[in-house]
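Peer 1: Residue-level listing of the chains:
There are 4 protein chains.
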Amino acid sequence: MHNKTMRVHSDDVTRATKEALVRRGVTLEDIAEIVYAMQSPYNEGLTMQHCVSSVDRVLNKREVQHAVLVGIELDELAEKKMLSAPLQQIIESDEGLFGVDETIALGSVFTYGSIAVTTYGHLDKQKVGIINQLDTVPGDHVHTFLDDLVGSIAACAASRIAHRWRDLEEMGQTFAAVDPVSFGKKVKKLAEI
Amino acid sequence: MHNKTMRVHSDDVTRATKEALVRRGVTLEDIAEIVYAMQSPYNEGLTMQHCVSSVDRVLNKREVQHAVLVGIELDELAEKKMLSAPLQQIIESDEGLFGVDETIALGSVFTYGSIAVTTYGHLDKQKVGIINQLDTVPGDHVHTFLDDLVGSIAACAASRIAHRWRDLEEMGQTFAAVDPVSFGKKVKKLAEI
Amino acid sequence: MHNKTMRVHSDDVTRATKEALVRRGVTLEDIAEIVYAMQSPYNEGLTMQHCVSSVDRVLNKREVQHAVLVGIELDELAEKKMLSAPLQQIIESDEGLFGVDETIALGSVFTYGSIAVTTYGHLDKQKVGIINQLDTVPGDHVHTFLDDLVGSIAACAASRIAHRWRDLEEMGQTFAAVDPVSFGKKVKKLAEI
Amino acid sequence: MHNKTMRVHSDDVTRATKEALVRRGVTLEDIAEIVYAMQSPYNEGLTMQHCVSSVDRVLNKREVQHAVLVGIELDELAEKKMLSAPLQQIIESDEGLFGVDETIALGSVFTYGSIAVTTYGHLDKQKVGIINQLDTVPGDHVHTFLDDLVGSIAACAASRIAHRWRDLEEMGQTFAAVDPVSFGKKVKKLAEI
Chain A
0 MHNKTMRVHS DDVTRATKEA LVRRGVTLED IAEIVYAMQS PYNEGLTMQH
50 CVSSVDRVLN KREVQHAVLV GIELDELAEK KMLSAPLQQI IESDEGLFGV
100 DETIALGSVF TYGSIAVTTY GHLDKQKVGI INQLDTVPGD HVHTFLDDLV
150 GSIAACAASR IAHRWRDLEE MGQTFAAVDP VSFGKKVKKL AEI
Chain B
0 MHNKTMRVHS DDVTRATKEA LVRRGVTLED IAEIVYAMQS PYNEGLTMQH
50 CVSSVDRVLN KREVQHAVLV GIELDELAEK KMLSAPLQQI IESDEGLFGV
100 DETIALGSVF TYGSIAVTTY GHLDKQKVGI INQLDTVPGD HVHTFLDDLV
150 GSIAACAASR IAHRWRDLEE MGQTFAAVDP VSFGKKVKKL AEI
Chain C
0 MHNKTMRVHS DDVTRATKEA LVRRGVTLED IAEIVYAMQS PYNEGLTMQH
50 CVSSVDRVLN KREVQHAVLV GIELDELAEK KMLSAPLQQI IESDEGLFGV
100 DETIALGSVF TYGSIAVTTY GHLDKQKVGI INQLDTVPGD HVHTFLDDLV
150 GSIAACAASR IAHRWRDLEE MGQTFAAVDP VSFGKKVKKL AEI
Chain D
0 MHNKTMRVHS DDVTRATKEA LVRRGVTLED IAEIVYAMQS PYNEGLTMQH
50 CVSSVDRVLN KREVQHAVLV GIELDELAEK KMLSAPLQQI IESDEGLFGV
100 DETIALGSVF TYGSIAVTTY GHLDKQKVGI INQLDTVPGD HVHTFLDDLV
150 GSIAACAASR IAHRWRDLEE MGQTFAAVDP VSFGKKVKKL AEI
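Protein chains in written order, with numbering that gives the first Met the number 0: chain A, 0 to 192; chain B, 0 to 192; chain C, 0 to 192; chain D, 0 to 192.
Some chain C residues close to chain A (C-beta under 10 Å, calculated; not the full set):
{"no.": "1", "residue": "ARG61"}
{"no.": "2", "residue": "GLY106"}
{"no.": "3", "residue": "VAL116"}
Straight-line alpha carbon distances no greater than 30 Å define the calculated DSS-like cross-link-like pairs of lysine-lysine that follow:
{"no.": "4", "chain 1": "C", "residue 1": "LYS80", "chain 2": "C", "residue 2": "LYS126"}
{"no.": "5", "chain 1": "A", "residue 1": "LYS79", "chain 2": "B", "residue 2": "LYS79"}
{"no.": "6", "chain 1": "D", "residue 1": "LYS17", "chain 2": "C", "residue 2": "LYS80"}
{"no.": "7", "chain 1": "B", "residue 1": "LYS79", "chain 2": "A", "residue 2": "LYS17"}
{"no.": "8", "chain 1": "D", "residue 1": "LYS126", "chain 2": "A", "residue 2": "LYS126"}
{"no.": "9", "chain 1": "C", "residue 1": "LYS79", "chain 2": "C", "residue 2": "LYS126"}
{"no.": "10", "chain 1": "A", "residue 1": "LYS79", "chain 2": "B", "residue 2": "LYS80"}
These are calculated hints, taken from the structure and not from any lab test. Each residue gets a CB set at the ideal place from its N, CA and C atoms; glycine is no exception.
Please take these sequences and the hints and turn them into a complete structure.
Peer 2: Listed below in structure tokens is the structure:
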């Protein structure tokens, strides 16, 4: 049953998404570093600031926000042993054939096209940067969903840069012509998607 | 960190999946009725028992089981107000643009091919049978994930029947030639997928 | 092997996409009518012009353009009997379990989120408006891919409107406040995705 | 319009699929080598013959067969310059943001679960074995779709092995207990999916 009176404002969802990542030890810069490492060899003029902006923009997307909130909630509940059996055990042990972690991450990845999907798959196997750290952190942390979410956000931000690069090529320009601040800014016009 | 010693046996996962559905008020027969309504006009000789068997077989698939366990867990936690804000509010109110419920359901649907995807979309809009009842049940029930999961299981079971129908046509037969029991039985041979 | 010297300009791809649809008997208005029928009951102030603009905007997306060009090419080659066996026969007969038509259509649909996927599934079964006409047109026309492509474009445009509606609600407005022209205009700023 | 009289028999589709791969220079063994390289470190007792059998079994799936037939048809038509502009140019130049090649490949990959999707993404970036050779073969060959199709078949076959490995673990066995021939055999019983 839809209950309009309970609707959460999108600004609150955006804030909660970013806070959840920081609470779990992942900064925008951590994700941006993965993006920079992947894209800088191919996209002239690209800076870390462009990558941070692109990650920030991805995190403004509803589909991505909801995936992050659900995944981190499940990780935290598993850490507190608050899930019921056998799900508690499956998530806690990061069972290789679980699949729901990848499925939730893929939901956001799809919105950036099929190129983002292959990038995500690559990151999932290579475990670059913070993704690897999450996977090997000592203690009783559960990061079953978080590593997939970080890979998904990085893949989306990288795909966004690759699409923009194509536009720049047609204009005879490089990322040197792109203001890093406006690259991440959500255009607040009605004309925009 | 993978921890093999904690692995749950697949039989326990299968049992937990079926119990979770029953606990939430959904029987195999409820789902089979949706399947029968969709497929019986096209597949000569199809009986309710074939449909129950097909639903049962779908529920033996890992990808489906994990989706069901995660979705129902989130519904139940939301019902008990145990999720953190703003996720609690988003799931409780079945926010139309949430999307993670559909994403999780689609994860299983994909494993039965693109025909299953369109069937799932159709069920999600039409809200046939038990899906509609879940959506309109009185009280403080949260069925944000459950209705999508039921639609997904029905779509998978229907797609499985449609694929089998094509095989029967090539053999010049109808479902009258198919033993309903063996149609649902998991072949326990190593040769099987 | 990538050959940058042969790259087609994106404006040429956009033009070719729209021309291909018209050549196959589908106007932007035909698709917009499906969108209007679906969304107008829920989105106050929505006009046909908003729907035409939304369809136009969807058709500016690379992922959608490539899907349209490939699908229509295959339909036309099948019509001219220029495909090799057995693909010629499979596409010509619109074999129900073919699936590649849905797969290609879904590729674009995914970029508008999981809500677009269920809308697409619904349209694929209900065969609203021009989709139904394509399916029943007399003569030797092959529309195996086209009907799925039209459903996919309509689902994307409808999903774009549903997402925008949510933004409008938060601002206390309806579509009456949205200029139909700017709603379809591609913002040519570097800040934009 | 569906025309049942024109239906191609599934055996003919299977044969055409395997012939198409061989005609384009890809043997089952080439694909099996990718699978073996990926899975043998994790799956005790796995042999090349198990991998060949798994590839063979994947190639018996309708969803995979149709993807292969469509992709290779488009590669061959592009090689013969028989596609219309601008699609001819886009496919010929293997335009990085084309996406339909990945979309068609992903259609089959999905049927083997989300684990297969990440494996496919990995192969698409790493270009292991025959995939790399296809990408760098001299002459006017067009392999825009073929490299993605090979990656997709390998990912499906590897995922099938990973799922079976999990079953073997529960039985306290390794692949040493699995007859390579029966692992690839399509069970011709009505009980089978």
